[in-house]
Amino acid sequence: MAKATTVLDRIALLGRAGLDVLAAMGRSVVFLFLAIAGRASFGNRLQLLMQQLYSVGVLSLAIIVVSGVFIGMVLALQGYSILSDYGSEQAVGQMVALTLLRELGPVVTALLFAGRAGSALTAEIGNMKSTEQLSSLEMIGVDPLKYVIAPRLWAGFISMPLLACIFSVVGIWGGSMVAVEWLGVFEGSFWSNMQNSVDFYDDVLNGVIKSVVFAVVVTWIAVFQGYDCEPTSEGISRATTRTVVHASLAVLGLDFILTALMFGDY
Amino acid sequence: MATDARNAVELKGVSFRRGERFIFNNVDIAIPRGKVTGIMGPSGCGKTTLLRLIGAQLRAESGEIWVDGSNLPSLARTELFDLRKRMGVLFQSGALFTDLSVFENVAFPLRVHTQLPDDMIRDIVLLKLQAVGLRGAIDLMPDELSGGMKRRVALARAIALDPQILLYDEPFVGQDPIAMGVLVRLIRLLNDALGITSIVVSHDLAETASIADYIYVVGDSQVLGHGTPDELMASDNPRIKQFMQGSPDGPVPFHFPANKLADDLLGGVRG
Numbered sequence: 001m002a003k004a005t006t007v008l009d010r011i012a013l014l015g016r017a018g019l020d021v022l023a024a025m026g027r028s029v030v031f032l033f034l035a036i037a038g039r040a041s042f043g044n045r046l047q048l049l050m051q052q053l054y055s056v057g058v059l060s061l062a063i064i065v066v067s068g069v070f071i072g073m074v075l076a077l078q079g080y081s082i083l084s085d086y087g088s089e090q091a092v093g094q095m096v097a098l099t100l101l102r103e104l105g106p107v108v109t110a111l112l113f114a115g116r117a118g119s120a121l122t123a124e125i126g127n128m129k130s131t132e133q134l135s136s137l138e139m140i141g142v143d144p145l146k147y148v149i150a151p152r153l154w155a156g157f158i159s160m161p162l163l164a165c166i167f168s169v170v171g172i173w174g175g176s177m178v179a180v181e182w183l184g185v186f187e188g189s190f191w192s193n194m195q196n197s198v199d200f201y202d203d204v205l206n207g208v209i210k211s212v213v214f215a216v217v218v219t220w221i222a223v224f225q226g227y228d229c230e231p232t233s234e235g236i237s238r239a240t241t242r243t244v245v246h247a248s249l250a251v252l253g254l255d256f257i258l259t260a261l262m263f264g265d266y
Numbered sequence: 267m268a269t270d271a272r273n274a275v276e277l278k279g280v281s282f283r284r285g286e287r288f289i290f291n292n293v294d295i296a297i298p299r300g301k302v303t304g305i306m307g308p309s310g311c312g313k314t315t316l317l318r319l320i321g322a323q324l325r326a327e328s329g330e331i332w333v334d335g336s337n338l339p340s341l342a343r344t345e346l347f348d349l350r351k352r353m354g355v356l357f358q359s360g361a362l363f364t365d366l367s368v369f370e371n372v373a374f375p376l377r378v379h380t381q382l383p384d385d386m387i388r389d390i391v392l393l394k395l396q397a398v399g400l401r402g403a404i405d406l407m408p409d410e411l412s413g414g415m416k417r418r419v420a421l422a423r424a425i426a427l428d429p430q431i432l433l434y435d436e437p438f439v440g441q442d443p444i445a446m447g448v449l450v451r452l453i454r455l456l457n458d459a460l461g462i463t464s465i466v467v468s469h470d471l472a473e474t475a476s477i478a479d480y481i482y483v484v485g486d487s488q489v490l491g492h493g494t495p496d497e498l499m500a501s502d503n504p505r506i507k508q509f510m511q512g513s514p515d516g517p518v519p520f521h522f523p524a525n526k527l528a529d530d531l532l533g534g535v536r537g
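Chains as they are written, first to last, in my numbering: chain A, 1 to 266; chain B, 267 to 537.
In isolation and in its complexed conformation, chain B is listed as follows (with noise of 0.2 angstroms):
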């Protein structure tokens, strides 16, 4: 089965499973190429899991996942690898490399994957780095940035080789008030000026809704719902309601699945 050429990255009727829970059960979920896509849900719902199963950093159980007209499971290792260098993922950690200055971090795709000299890699690693605002912190280490500071300098080296799918894992976690307005400009900045497509999973709901062009909502293993965010604001659906509106009470559950209160307190020793 073919993709559509509109979406950058398709899923399929896909299925993903972490023992016996069902994270995804035939989930379908298309992302349209250029735009901001917002992945939304409560916490534990998959988010994390999505984008690596986007990124082949684990297998889906079925169905079919196609990146930029490949599908993944189909791929051969090198090919997988080839694919991933026109992807970039900013960690939710940021996953710095901790030996490498943040120049070397941010140089790092550009020496492995380009020929380039070394006067070019520094003048791209120097606009990148002004980019997130980090010129400044060039020689540092990253175990002397903040955990916010490190997540810039990850976007800096996620965006090195100009990638053409950028995905996001809750980029706003941990920011303050003024690198989170900066952040969100910025997604949105890179998603226009270089034409990529943006895919930013977070549970940010404000954030999230001021610069996608489409959300989905997944919980419960399947996706809630989807649209623009006026659409998805304006929805009937109890459960997009109670996720939109933040409110304790409605059919998504905030505890995790467990007996009853009584019987667990009741029920004496553990086992």
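The shape of chain A in the complex, shown without the other chains (with noise of 0.2 angstroms):
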């Protein structure tokens, strides 16, 4: 490529930049929607997305679980020190669980599952492009779109919401392990609190619905970026660093925009 020398040629190559954005952008829904739409011809599916369920959801559990616990534990330990100071320290069990599950539990979720599985699926979609294994694919007849593509996606959308459910859940049980057995909040308001407060719709819901839109966003980047790779092992590592970067800046502008719908009618 020419080296850069005059204001015209920098504006030229940032111009270039902006067509490839707007050009993978593009590209990037055409993958999508022709990995999703229409029924694949082979017949073991259902086989395809177990296996990736397990190995996009269920290997990602321990990471889930002992970061909700420790975030939990921290949040009701902030919340205590803040909230004694004002003597309401027994309203600690309805922050924990308000802030896990508008916010904490889709978002922290999400930026972990981009980090760990998000990653793997790019560099293992990226592995299979540069051995030719989706090329192979392609020439026996199976479009890989449907036969690789397909199942992970739809596995990065079935688990990540479980997973932002799970991390909720123990991240209120962390944060009650330090309450009300570590600093002796009384249990009873502890949990009766949070029961009074929390509103099925407003909380939980809302919290399901975000997490469904960015499991949506996390796989489809981290899917696209593996299979829009350049096949060398630096274009595969780019894209890995793509996938994370990528995501998790999506994740938590998505989430303001997101929460600004939710909650924003004061």
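Quick caveat, the hints were computed from the structure, so don't treat them as lab data.
Backbone N, C-alpha and C define an ideal beta-carbon position, used for all residues, glycine too.
Careful, some of the hints might be misleading.
[Said to hold, decoys possible] What the simulated footprint calls covered on chain A by chain B, stretch by stretch (three residues with Cβ under 8 angstroms from a Cβ of chain B suffice, anywhere in the stretch; the number is not a length): (1) 126-133; (2) 141-151.
[Said to hold, decoys possible] Pulled a few chain B residues facing chain A out of the computed Cβ check, cut under 8 angstroms: (3) Q323; (4) F347; (5) R350; (6) K351; (7) V355; (8) N503.
Please dock the two separately framed chains into a single complex, following the hints provided.
Okay, here's the thing in structure tokens:
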């Protein structure tokens, strides 16, 4: 590529980069449509989905559970130290539950999922591309978008909301351990405050909706980056990095928009 | 424009570019049905690109590519996948599925495209592996095989569905002399016994010439010449002569296009 020497060259480079980004976005939409729309011709779709649910979902359980417990414990500690200044430490259960269900459950799960499962998906698909496995699937007459991509997409869409629920549940349990067992908040008020303040539609369901949106975005970015990467070691490594960076930024940006839409009508 | 039924594959006025560089410029190639056709040429002349054009993994900039009576650029995605079931490709690296055993790799096309019972699939896989001499490796994983063995397993997989057209991408690279001899015979045998059309892309002159019925020599984004191996050996065309005799001096340059060596050496810092 010619070196940018003049201002005009730099503007041209900027334009080229912009066009490249737009082209990639277009490709990713076509990619998602072709992978999801229509039926596949082979018979073992359920088995493929199960395999991916295991590697994408079940294998992410450990990091989700451990992080959930610790985040719940930290929330309880921080919440207690602030709330006890006002003598309202009984509200710590309410604070932990609402924070987890509305925000941290979906968001932190999505970030962890992008790092744990998203990067693995990108690297795996990129490697399949560089070793011509995707090409050979095509030449066997099997559409890799249906055989490789679709089960991974659905596995991500299904498992991330479930992981987010698990994250919130173990987080609340971690919070109760710290608040009730360790700091001595009265157990009855811890749980009844939580029960009174958490609304199923406003809090639980909105959290699940957030998590479904994040699941689609993170998994889509991860598999597309793998499929679209340059099939070299350097290309795969760049694509894996892009997955984590783009997915994390998309999750945080979307979280703001979704929160504004869901809870912003004060 | 219809295609000649005697040809399994026909390229008419095909052009393909990578960036500004023409890989093929208005190329015509006809692959006769039921024969072994060699596509030869120096490294980097676009032989693998040609295979990918025939398999519709790359789209030509212009021209028609007829495969088994269908014009590839006009096919819908699903029709294309149906057509590919009638083609087998042996990739240069083998491209085995790394998470499946040798048995499962060869059984894969049968499992996804047929409703055959398991014991019949097992028999077919055993026969295909027997043909490439690797029946004993049936339970191994791809990472336990040498490069040459991987390619033979890939060949067994490529012929699992008894395709009508078989494309070989550099099948002789990295084979030991015994495996090479077996492979050369096998390509000929499969072609004659199954009545398929074989396209062998290679730069191994002796092996390709020994099995091919017809050879195309490509280079310089053109077809330099074509004919039976004997005709090409006797050709007066200096480019074909140079390639067939493997001489370093001649009209086909050994070097990739570049500035003069002295200019590059004295030109100081790159950029």
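Now for the hints, and whether the structure bears them out:
Look at the stretch 126-133 of chain A against chain B: 3 of its residues bring a Cβ nearer than 8 angstroms to a Cβ of that chain, three or more, so the hint holds. Counting residues of the stretch 141-151 of chain A whose beta carbon lies closer than 8 angstroms to any beta carbon of chain B gives 4, which meets the minimum of three for the stated coverage. About 6 angstroms separates the beta-carbon of B/Q323 from the nearest beta-carbon of chain A, less than 8 angstroms, and the hint is met. With its C-beta approaching chain A no nearer than about 5 angstroms, B/F347 sits inside the 8 angstroms limit, and its interface hint holds.
The beta carbon of B/R350 comes within 4 angstroms of a beta carbon in chain A, closer than 8 angstroms, and the hint placing it at the interface holds. A distance limit of 8 angstroms between C-beta atoms decides the matter here; for B/K351 the minimum to chain A is near 4 angstroms, and the interface restraint holds. For B/V355, the shortest C-beta to C-beta distance to chain A is roughly 4 angstroms, which falls under 8 angstroms, so the interface hint holds. Given hint, B/N503 at the interface with chain A, is violated; its Cβ is 34 angstroms from that chain's nearest Cβ, farther than 8 angstroms.
In summary, the structure is inconsistent with hint 8 from the numbered list given earlier, while agreeing with all the others.
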